[in-house]
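Participant: Sequence:
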Amino acid sequence: MPTGLSPNPVRGPNPNGEFFAFSFAPNAGSNPLSASNIGAGFSVTWVSAGKWLVTVNAVFGKTPVIAAFLQTNALATGAADLQIVGAITMASGTTTFNLVYRDAAVATNLAANANTRIHVMLFGAT
25 MPTGLSPNPV RGPNPNGEFF AFSFAPNAGS NPLSASNIGA GFSVTWVSAG
75 KWLVTVNAVF GKTPVIAAFL QTNALATGAA DLQIVGAITM ASGTTTFNLV
125 YRDAAVATNL AANANTRIHV MLFGAT
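The sequence shown runs contiguously to residue 150 in the numbering used here.
Rather than coming from a laboratory, the hints here were simulated on the basis of the structure. Built from N, CA and C at the ideal position, the CB exists for glycine as well. It cannot be assumed that every hint is accurate.
[What the hints assert, rightly or not] Restraint ranges, calculated between C-beta atoms of paired labels, are given here:
(1) N139 <-> S54: 14 to 20 Å
(2) A59 <-> A149: 29 to 35 Å
(3) T113 <-> H143: 17 to 23 Å
(4) G41 <-> L94: 23 to 29 Å
(5) T113 <-> A138: 30 to 36 Å
(6) I112 <-> T140: 20 to 26 Å
(7) A91 <-> A64: 33 to 39 Å
Let the hints inform the model, and build the full structure from the sequences given.
Facilitator: See the structure below:
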C-alpha cells in the first residue's frame with residue numbers, strides 16, 4: 025500500500041543547500057497582485073513590458089541556480105521564451121534578479137488570467 029512518501033527524496037549536491045519555490049500571476053502592465061502569489065518570502069515588481077524584478081528574502085553563499093517556467097493560457101504568436109537577465113545580486117538579506125518574457129523576440133506583457141503564472145525555483149547553499 026502506498027505511503028505517500030517518495031522512496032527517493034529529492035537531494036541536492038550540497039547538504040547545506042536549500043530550495044525556494046514560488047509562483048506569481050503576471051498582471052499585464054502592472055505589479056502582480058500579492059494575493060495571487062503562491063509561496064512566501066518573495067516579492068515581484070513589474071519593471072517594463074514583459075520584465076519583472078524578483079526579490080527573494082534569502083542570501084546564498086554563491087550565486088544560486090534559478091529556473092523559471094511559464095504556464096500560460098494563450099498561445100504565443102512567435103517563438104516565446106522566459107529568461108533570467110542581467111545580474112543576480114545578493115545583499116542586505118535578499119537575492120534579486122530580473123525575468124523577461126519575450127514573444128517573437130519582443131518583450132511582451134502577459135495578460136492577467138487565472139491560468140497564466142510564472143513558477144520559479146532557486147537552489148543554492150545558504
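Participant: Now tell me if each hint is right for this structure.
Facilitator: Status of each hint after checking the structure:
| no. | hint | result |
| --- | --- | --- |
| 1 | N139 <-> S54: 14 to 20 Å | 18 Å, holds |
| 2 | A59 <-> A149: 29 to 35 Å | 32 Å, holds |
| 3 | T113 <-> H143: 17 to 23 Å | 22 Å, holds |
| 4 | G41 <-> L94: 23 to 29 Å | 25 Å, holds |
| 5 | T113 <-> A138: 30 to 36 Å | 32 Å, holds |
| 6 | I112 <-> T140: 20 to 26 Å | 25 Å, holds |
| 7 | A91 <-> A64: 33 to 39 Å | 19 Å, violated |
Checked against the numbered hints above, the structure breaks only hint 7 and satisfies the rest.
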